[in-house]
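For this one, chain L is given, so just place chains W and D on it according to the hints.
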Amino acid sequence: MKSGFRQSMSWLHTWGGLTVGWVLYFVFLTGTLGYFDAEIDAWMKPELPPETANIQQSLSTAEKRLHEKAQGAERWFISPPGDRNNPYLRVFWQMPGADGKPGPRVNELLNATTGETLSGRATGGGQTLYRMHYALHYMPPNIGYWIVGICSMFMLVAIITGIVIHKKIFKDIFTFRSAKGQRSWLDMHNLLSVSALPFHLMITYSGLLFFVLTYMSLIVAGTYGFGDDAKNNFTNDFFSEADKPAASGNKANMAELSAMVAIAESHWGAGQVRYLDIDYPGDSNARVTIGRQLDSPLRSAPELVFDGATGELLTEKSAITSQPRAVYDTFLGLHEGLFANIGLRWLYFFSGLLGTAMIATGMLLWSLKRRPAQLQKAGGPDFGYRLVESLNLGTIVGLPIAIAAYFWANRLLPVDFAGRAQWEMHCLFIVWLFTLLYPLMRSINRGWVDMLWLAAAAFGLLPLLNALTTERNLFNSISRQDWVFAGTDLTFLTIGIAFAFAAWRLRENNKTAEMSASAASTQKSSREIYIPPAATTYSSKQHTETH
Amino acid sequence: MKPMTKTLPSESRYRWQITWRIVTAIFGGFALANTSGILLTYLLPMNKIDALTTSMLLSFGIYAGAVMWVFSHRSLFKSLAGIWIPASVFFAIIVVFKLIGVAP
Amino acid sequence: MLAAYALAYCSFLILSMAMSKHFQQIFPQKKMPQPYITLVRAIGWALLAITLFYCSHLYGWATGIVAALGLMSAAAFVLALILNYAPRFAPGIAAITIIVSVF
Numbered sequence: 241m242k243s244g245f246r247q248s249m250s251w252l253h254t255w256g257g258l259t260v261g262w263v264l265y266f267v268f269l270t271g272t273l274g275y276f277d278a279e280i281d282a283w284m285k286p287e288l289p290p291e292t293a294n295i296q297q298s299l300s301t302a303e304k305r306l307h308e309k310a311q312g313a314e315r316w317f318i319s320p321p322g323d324r325n326n327p328y329l330r331v332f333w334q335m336p337g338a339d340g341k342p343g344p345r346v347n348e349l350l351n352a353t354t355g356e357t358l359s360g361r362a363t364g365g366g367q368t369l370y371r372m373h374y375a376l377h378y379m380p381p382n383i384g385y386w387i388v389g390i391c392s393m394f395m396l397v398a399i400i401t402g403i404v405i406h407k408k409i410f411k412d413i414f415t416f417r418s419a420k421g422q423r424s425w426l427d428m429h430n431l432l433s434v435s436a437l438p439f440h441l442m443i444t445y446s447g448l449l450f451f452v453l454t455y456m457s458l459i460v461a462g463t464y465g466f467g468d469d470a471k472n473n474f475t476n477d478f479f480s481e482a483d484k485p486a487a488s489g490n491k492a493n494m495a496e497l498s499a500m501v502a503i504a505e506s507h508w509g510a511g512q513v514r515y516l517d518i519d520y521p522g523d524s525n526a527r528v529t530i531g532r533q534l535d536s537p538l539r540s541a542p543e544l545v546f547d548g549a550t551g552e553l554l555t556e557k558s559a560i561t562s563q564p565r566a567v568y569d570t571f572l573g574l575h576e577g578l579f580a581n582i583g584l585r586w587l588y589f590f591s592g593l594l595g596t597a598m599i600a601t602g603m604l605l606w607s608l609k610r611r612p613a614q615l616q617k618a619g620g621p622d623f624g625y626r627l628v629e630s631l632n633l634g635t636i637v638g639l640p641i642a643i644a645a646y647f648w649a650n651r652l653l654p655v656d657f658a659g660r661a662q663w664e665m666h667c668l669f670i671v672w673l674f675t676l677l678y679p680l681m682r683s684i685n686r687g688w689v690d691m692l693w694l695a696a697a698a699f700g701l702l703p704l705l706n707a708l709t710t711e712r713n714l715f716n717s718i719s720r721q722d723w724v725f726a727g728t729d730l731t732f733l734t735i736g737i738a739f740a741f742a743a744w745r746l747r748e749n750n751k752t753a754e755m756s757a758s759a760a761s762t763q764k765s766s767r768e769i770y771i772p773p774a775a776t777t778y779s780s781k782q783h784t785e786t787h
Numbered sequence: 002m003k004p005m006t007k008t009l010p011s012e013s014r015y016r017w018q019i020t021w022r023i024v025t026a027i028f029g030g031f032a033l034a035n036t037s038g039i040l041l042t043y044l045l046p047m048n049k050i051d052a053l054t055t056s057m058l059l060s061f062g063i064y065a066g067a068v069m070w071v072f073s074h075r076s077l078f079k080s081l082a083g084i085w086i087p088a089s090v091f092f093a094i095i096v097v098f099k100l101i102g103v104a105p
Numbered sequence: 054m055l056a057a058y059a060l061a062y063c064s065f066l067i068l069s070m071a072m073s074k075h076f077q078q079i080f081p082q083k084k085m086p087q088p089y090i091t092l093v094r095a096i097g098w099a100l101l102a103i104t105l106f107y108c109s110h111l112y113g114w115a116t117g118i119v120a121a122l123g124l125m126s127a128a129a130f131v132l133a134l135i136l137n138y139a140p141r142f143a144p145g146i147a148a149i150t151i152i153v154s155v156f
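Protein chains in written order, with this note's numbering: chain L, 241 to 787; chain W, 2 to 105; chain D, 54 to 156.
Incorrect hints may appear among the rest.
Non-contacting residues of chain W with respect to chain L, defined by C-beta distances greater than 12 Å in every case (computed) [to be verified]:
(1) Glu-12
(2) Ser-13
(3) Val-24
(4) Ala-82
(5) Trp-85
(6) Ile-86
(7) Pro-87
(8) Ser-89
(9) Val-90
(10) Ile-101
Here are the computed lysine to any residue pairs in the SDA-like style, where the Cα-Cα straight-line distance is at most 25 Å [to be verified]:
(11) Lys-408/L to Pro-140/D
(12) Lys-408/L to Ile-96/D
(13) Lys-49/W to Asn-476/L
(14) Lys-751/L to Leu-605/L
(15) Lys-484/L to Lys-49/W
(16) Lys-341/L to Ile-383/L
(17) Lys-471/L to Met-47/W
Calculated directly from the structure, the hints in this document are not laboratory data. Beta carbons are placed, not taken as given, at the ideal position from N, Cα and C, and that holds for glycine.
Next up, chain L with everything else stripped away, as it sits in the complex (with noise of 0.2 Å):
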């Protein structure tokens, strides 16, 4: 297309990057979040104390309330709390539906010592939030997974782009110029890019693998056909669910989950239990499906079979059923990460934060290459070149603003008020839409040094918002030691200083830029210099120390 494969690749990279990039920033930000979804979660429900009961009495709790409320179910689904991803004991079940199509489902957590249905505030909780990363706010899920399908594509090829128009990629690993202009900017790119660039990688290629059977749906018709008999064909053979007998329609009583789980645990360890998925409960040829915890990236666990009827264990399933599915669930895993510790768990979210700021140096690169000639022209910029710099402002500040308005609002909507789950959500787009707005009516640089000082109080002011608002300040939470609320303060505060840290900078660096604006007035009508946050002051003593 363009005179060399370098110059084609390159112009792919850029256009395509900047065709989706705001949507990619969306995904990546909300999606990085989503590593810590269960802190957030605990935050968002300051009522509810941590769960501390043992997997016996979670399992008699959830057997009497599935007693209750779920007879005749076609599947009771039970997962004990414990770890990370379980904080609490959750229920499910689904109860059989008329004529071909599924009946109603239920999920529902409970206070696995007291049996009563967990409370606390309504809340959309870091679930919500993260949910966001792939299925978008405000449409049909399915519309949500296509959009984030189309731009994740866009990604992949901006990624593989990326590495070949990158000259010097091993050359250049450890470069990064400071108070350079433009130069910074791409360096810092680059640097985003190649040093995470496993995991940049890795979490496009598996977020595309997670939809693979609706975006590639074709490929399975091709082998399978169309319809709904192929369909559920498919599924058996995917899913490995064709040796499940169907209920035989007679009544039995169920055997003692709490032996099943005893054998289970003597198979893998004391608290090794991850879920217990129950098929056909009270029929006679119920199933008891246990399922051990992630260790791996590898997604899918080893699971042990029992009769519910008689409570005899039946077969032993292995993890790894074939190479190639053994590889699709290792990518699923490592794209969820929820076999991750608390170490791991925090280098997952500082990628993800390296890619999200990727793709926002990616996108100010496109405006920063455009300005000076922008700048000159008669009749001012484009209006094409306006709105990528005002979306830019809009969406890379203003989005982590909206997302604190999220927080925000989860504290200071009355707790009792109806709507209260899905008003925390309209305030976070409610927010986004002015800070989106805004950028059209202050200048751009002004409009930069506004919001990354509202960015940072916004942040910066979670932790007292939380001291007021509920009894878990920070110091409680030190002095309990309960790490979770401490922390999500503690990293509230650091992005708060982060942001008023760049605020503070970018004022200094328009300040000095206005002051040779003025001194060279004398023959130019002094338009603002833009220099962007990363281009700083500290060159006179780099050149001393370097040269």
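Quick look at chains W and D alone, frame taken from chain L:
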């Protein structure tokens, strides 16, 4: 390079080129990823579901490769033909396989 | 995990010292003698391999590789920032990281 300095006809020709390429990259790439995926499922020496999983795993790579192909060649014809011709051929083979009963 | 991070940081630091532009940043007055460059680079790669083995030892193979790659990303990013803002402290920071990770 510099489209600014070129005359208007070549500017509009450039736009048409880009449009064709984008359409081919998105839809042609998708068609190629799917047809080659189906064909791979038939040809891979594994059981049905493993072959299917493998070709689904590979399909995004094929798609990404196709997109890069479309934008990497100077000649518009070469870029477009390199996608649509194999996609059509693969589709024809799939249909033939189905008709003679080789494919499931 | 901090010890593994220290290892990753040190391997990248040593690898960067094998590159003349970064060596000059860290030791402005000195010059790396040519024959040593290959040796230094080999030590850097060996240390990187040790990081991988150490992570696998800590968490098992599958999780160990993930942890090692994550730590290497973080270490490379941090090192690049240090080389820009405070290049002379790069070896000192390595020493501090090692000491902290031991205790």
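- Task: Report holds if the minimum CB distance from Pro-87/W to chain L is greater than 12 Å, and violated otherwise.
- Result: holds, 16 Å
- Message: Holds or violated: Lys-408/L and Pro-140/D, Cα atoms, limit 25 Å.
- Response: It holds: about 21 Å lies between the C-alpha atoms, which stays within 25 Å.
- Taking the minimum C-beta separation from Trp-85/W to chain L, is that value above 12 Å? Since the minimum Cβ distance to chain L is about 17 Å, Trp-85/W lies beyond 12 Å and the statement holds.
- Query: Does the claim that Val-90/W lies outside the interface with chain L hold up, using a Cβ gap greater than 12 Å?
  - Reply: holds, 15 Å
- Message: Quick check for students: does the CB of Ser-13/W sit more than 12 Å from each CB in chain L?
- Response: Per Cβ check, Ser-13/W is outside 12 Å of chain L; nearest 16 Å; holds.
- Query: Does the alpha-carbon distance linking Lys-341/L and Ile-383/L stay inside the 25 Å limit?
  - Reply: holds, 22 Å
- Message: Against the 25 Å threshold, does the CA-CA distance of Lys-49/W and Asn-476/L hold or violate the hint?
- Response: holds, 13 Å
- Status of the stated non-contact between Ile-101/W and chain L (beta carbon gap over 12 Å): holds, 16 Å
- Task: Would you mind confirming whether the straight-line C-alpha gap from Lys-471/L to Met-47/W stays at or under 25 Å?
- Result: holds, 21 Å
- Query: Does the structure keep Lys-408/L and Ile-96/D at a Cα separation of 25 Å or less?
  - Reply: holds, 22 Å
- Restraint status (C-alpha distance of Lys-751/L to Leu-605/L at most 25 Å): Status holds; Cα separation ~22 Å.
- Message: So Ser-89/W supposedly isn't at the interface. Is its beta-carbon more than 12 Å from every beta-carbon in chain L?
- Response: Given that every Cβ of chain L is farther than 12 Å from that of Ser-89/W, nearest at about 15 Å, it holds.
In summary, this structure violates none of the numbered hints.
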